[in-house]
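Student: Sequence order for the protein chains is L and Y. Numbering follows my numbering, with no gaps: position 6 of the first sequence is 251. Numbering follows my numbering, with no gaps: position 329 of the second sequence is 332.
Derived by calculation from the structure, the hints in this document are not laboratory data. No experiment lies behind these values; they were computed from the predicted model shown. Some hints here could point you the wrong way.
[Stated by the list, open to error] Non-contacting residues of chain L with respect to chain Y, defined by C-beta distances greater than 12 Å in every case (computed):
id, residue
1, 259
2, 270
3, 305
4, 323
5, 324
6, 353
[What the hints assert, rightly or not] Per label pair, the in silico range of CB-to-CB distance:
id, chain 1, residue 1, chain 2, residue 2, range
7, L, 290, Y, 404, 47 to 55 Å
8, Y, 404, L, 284, 26 to 34 Å
9, Y, 589, L, 367, 47 to 55 Å
10, Y, 607, L, 367, 35 to 43 Å
11, L, 361, Y, 404, 23 to 31 Å
12, Y, 580, L, 367, 41 to 49 Å
[Stated by the list, open to error] Here's a subset of chain L near chain Y, in silico, CB distances under 10 Å, partners left out:
id, residue
13, 256
14, 271
15, 273
16, 288
17, 300
18, 327
19, 330
20, 358
21, 362
Every residue gets a Cβ at the ideal spot worked out from N, C-alpha and C, and that includes glycine.
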Amino acid sequence: MDKKRILLVDDEAALTRSLGMYLEATGKFEIRAVNRGGEAIRVAREFKPHLVLLDLMMPEVDGTEVAERMKADPELTAVPIVFLTALVKKSEVGADGSDIGGHPFLAKPVDPEKVVECIERNLRR
Amino acid sequence: MPTAPRPRQGSPARALALSLAALAVPVVAGVAAPETADVWGDLPWILALVPALLLSSLRGWQVISVALALGMVALAALVTVGHVIDRDITSGPLVLFVIAPYIAIALGAGWFSDVTRQQRLTLDAQRSADERIRRFAEASFEAIVIHDKGTLLDANATFARLFGYEPVEIPGMHFMTLATEESRELLAAKMNEAAAGSFEAVGRRKDGSTFIAELRGGALSYDGGLVAVVTVRDITQRRRAEDALRRLERALETMQLGVTMTDLEGRITYVNPADATMHGYAVDELVGRPASIYALPVIRRPLSETHLRKLSSWQRESTNMRKDGGTFPVMLRSDVIESSDGQVVGVVTTCEDITERKATEEELKKASGSLRKSGADLLVFQEALIEAEKMESVGRLAAGVAHEVKNPLMTLLTGVKFLSMHLGSRDEKISGLLTDMADAVARADTVIKGLLDFAAPRKLDLTSNDLNAIVERSLDMMKHEIAKGQIAVVSELAPDIPPLLLDPFKLQQVLLNLVTNAVHATPPGGRITVRTFVHARAEVGVPADGNVGPRRTIDMPSVFLEVDDTGTGIALHAETKIFDPFFTTKPAGQGTGLGLSVSRQIVHMHGGELDIRNRSGGGVRATIVFKLFTEDRTNGQEAHPAG
Chain L
246 MDKKRILLVD
256 DEAALTRSLG
266 MYLEATGKFE
276 IRAVNRGGEA
286 IRVAREFKPH
296 LVLLDLMMPE
306 VDGTEVAERM
316 KADPELTAVP
326 IVFLTALVKK
336 SEVGADGSDI
346 GGHPFLAKPV
356 DPEKVVECIE
366 RNLRR
Chain Y
4 MPTAPRPRQG
14 SPARALALSL
24 AALAVPVVAG
34 VAAPETADVW
44 GDLPWILALV
54 PALLLSSLRG
64 WQVISVALAL
74 GMVALAALVT
84 VGHVIDRDIT
94 SGPLVLFVIA
104 PYIAIALGAG
114 WFSDVTRQQR
124 LTLDAQRSAD
134 ERIRRFAEAS
144 FEAIVIHDKG
154 TLLDANATFA
164 RLFGYEPVEI
174 PGMHFMTLAT
184 EESRELLAAK
194 MNEAAAGSFE
204 AVGRRKDGST
214 FIAELRGGAL
224 SYDGGLVAVV
234 TVRDITQRRR
244 AEDALRRLER
254 ALETMQLGVT
264 MTDLEGRITY
274 VNPADATMHG
284 YAVDELVGRP
294 ASIYALPVIR
304 RPLSETHLRK
314 LSSWQRESTN
324 MRKDGGTFPV
334 MLRSDVIESS
344 DGQVVGVVTT
354 CEDITERKAT
364 EEELKKASGS
374 LRKSGADLLV
384 FQEALIEAEK
394 MESVGRLAAG
404 VAHEVKNPLM
414 TLLTGVKFLS
424 MHLGSRDEKI
434 SGLLTDMADA
444 VARADTVIKG
454 LLDFAAPRKL
464 DLTSNDLNAI
474 VERSLDMMKH
484 EIAKGQIAVV
494 SELAPDIPPL
504 LLDPFKLQQV
514 LLNLVTNAVH
524 ATPPGGRITV
534 RTFVHARAEV
544 GVPADGNVGP
554 RRTIDMPSVF
564 LEVDDTGTGI
574 ALHAETKIFD
584 PFFTTKPAGQ
594 GTGLGLSVSR
604 QIVHMHGGEL
614 DIRNRSGGGV
624 RATIVFKLFT
634 EDRTNGQEAH
644 PAG
């Protein structure tokens, strides 16, 4: 089976390292990690991921801006995005798993198992 | 005073001697010439005259005695002549002719001396009267002067002293010398009138100083004639005192402050127009009346003398009564009046109508009361604002903390899971450790989430709700827990709770929190009671069974929600801390300790109160109080609809 390419965008290097390690250990994915929002578009163009895991809170260029840039880019506009964020409060997580800005999201810290499920769910879309 | 010439009085001894001598003559003649003088025949004549002689001599009527004596001598001469001419001429008309003149003289003299005697008596009387007047005049403290058309004839020492002269200088002076220029005209006029009655003029002393004099004039008989007598008084002091008094009177009469003077029996001796008018009386209606006329019937007590003596500036507010029965508030101040020798003679009281002042005080009190209330309200708002700001900064802080913590947590979790994937199956101990690590991360996450939840600015989604319905829903959600704990639930929900503007979701959160706490605290077999009711007034902090605590009164109808349990209650040291964030008496891992602080926040946002304290009979009572506004409800967040 083809390994899906997943781009991790998060300013926390330890996180991208550990998550990347986990995801690759599943055997299902090929992982690229970017720790600066500004580099995300360039790398995405190069890597052509099947899905982008995007942190919201990043210095300089944050997640929403990256998402917008991607949408504006004809090459990247169709790539599914899953937000990965620390900012969500308990009360904001509704039972229906609502979206932020049209994209699904996962609240940190999230069991990496659930990350895998979410990726697979959104890849099929 | 000079004396009038006095008639000389006769000496009885002299008269008697004369009489005896006169008597001796005819006797001697008769003896000497018995032939010519029939002394013994004439003896009756002689003897008849003897008494007259004796009487007149005794009375000192010298003239009579002399006349009779002369008559005797004449008779003796006759006898002698008869002897000489050898004829008895002591009888017959010749004798009468010779003696008669002497008898006539004697009688006339007697009458005359009688007249003189009368005159002398009158003169004596006059003399003694004059003497008395003189003595009185000298003794008098009045200055008295006698004048004739302005020329001073005589004055007493007091008069002289008054004008600074010696008494001897006065007679001969003119009245005008003793008066100032401006008084002379008046004096002249008065002098001409010789009027009785008094008038004033300005006197001038020898040294030139002047004084105000009061003159009183009259007429006096003097030395057989009529003269003007004048008394003069120095009334300078009196005038000064009168002027001062008049000024004082004037002040009292015009001032607006009421002044009343009372005697020791409490009767009004003086009242000024201000006081009388203030009480609706005329001045003369009050003088003589008891001072208690001003007081309300219930406090009509006269001041006792001992009380009076203790009085020294007794000031008090009181209520006085007017003539028409109306009352008004007054400020009274009393002082004793003492005579110059320290005796208390009366009381003076000032009376001020303080109706206006009282009204102003009332206004001020009201204004300050409402100010205070506004101030209190402001404080509440301020506190709420501070609270909100705090919450906002806490929220920001929490967000920051959360973000900074969540990322590492994610790394940890991912790492643990990865390790579990690779190492877990090998070793039980390792897999156990990894499980613990995963749990730890999860717990930390829960805390962070709880913190964010606590710090989150809340917005109430207010809708009209049935409180009882929310209560029942919450109990229903907990029924499993309750059953598990073998706890009985009693609900006493009043049917007359009106609909309240609440956020049902958040309130449910609160109720679940409270019931959960109750369930955890209550041992099996215990009971949880949930009550709702309306009360006319709320005293928060004082539960129905009277536990003591800080009280706040909410002065309007309120809805109460009580959750009682029969558990162990709150430990004494913990009572004040239960609302502190993260404070929990539960063992570690069970609950974040944030439930109550969040619950209280939610209740406060509804404008209500959340109170949790031990019950006297054991267990805990949690009370939520919502104020009931009867005004129309405004939209959502603006109003404090349920509080």
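Student: With reference to the structure, classify each hint as holding or not holding.
Tutor: Do the hints match the structure? See the list:
1. 259: The claim is violated: residue 259 (chain L) sits with its nearest Cβ about 4 Å from chain Y, within 12 Å.
2. 270: violated, 6 Å
3. 305: Answer for residue 305 (chain L): holds, closest chain Y Cβ roughly 16 Å.
4. 323: Holds, because the least Cβ-Cβ distance between residue 323 (chain L) and chain Y comes to about 28 Å, which exceeds 12 Å.
5. 324: At about 23 Å from chain Y, residue 324 (chain L) clears the 12 Å cut-off, so the statement holds.
6. 353: violated, 4 Å
7. L:290 <-> Y:404: 47 to 55 Å: violated, 36 Å
8. Y:404 <-> L:284: 26 to 34 Å: holds, 28 Å
9. Y:589 <-> L:367: 47 to 55 Å: violated, 40 Å
10. Y:607 <-> L:367: 35 to 43 Å: Between residue 607 (chain Y) and residue 367 (chain L), where Cβ atoms are some 42 Å apart, the hint holds.
11. L:361 <-> Y:404: 23 to 31 Å: holds, 28 Å
12. Y:580 <-> L:367: 41 to 49 Å: holds, 47 Å
13. 256: holds, 8 Å
14. 271: Holds, about 9 Å.
15. 273: violated, 13 Å
16. 288: Because about 21 Å separates residue 288 (chain L) from the closest Cβ in chain Y, which is outside the 10 Å limit, the hint is violated.
17. 300: holds, 8 Å
18. 327: With a minimum Cβ separation of about 14 Å from chain Y (threshold 10 Å), the hint on residue 327 (chain L) is violated.
19. 330: holds, 9 Å
20. 358: holds, 7 Å
21. 362: With a closest approach of 13 Å, the residue 362 (chain L) hint is violated.
When held up to the earlier numbered hints, the structure conflicts with 1, 2, 6, 7, 9, 15, 16, 18 and 21 and fits the remainder.
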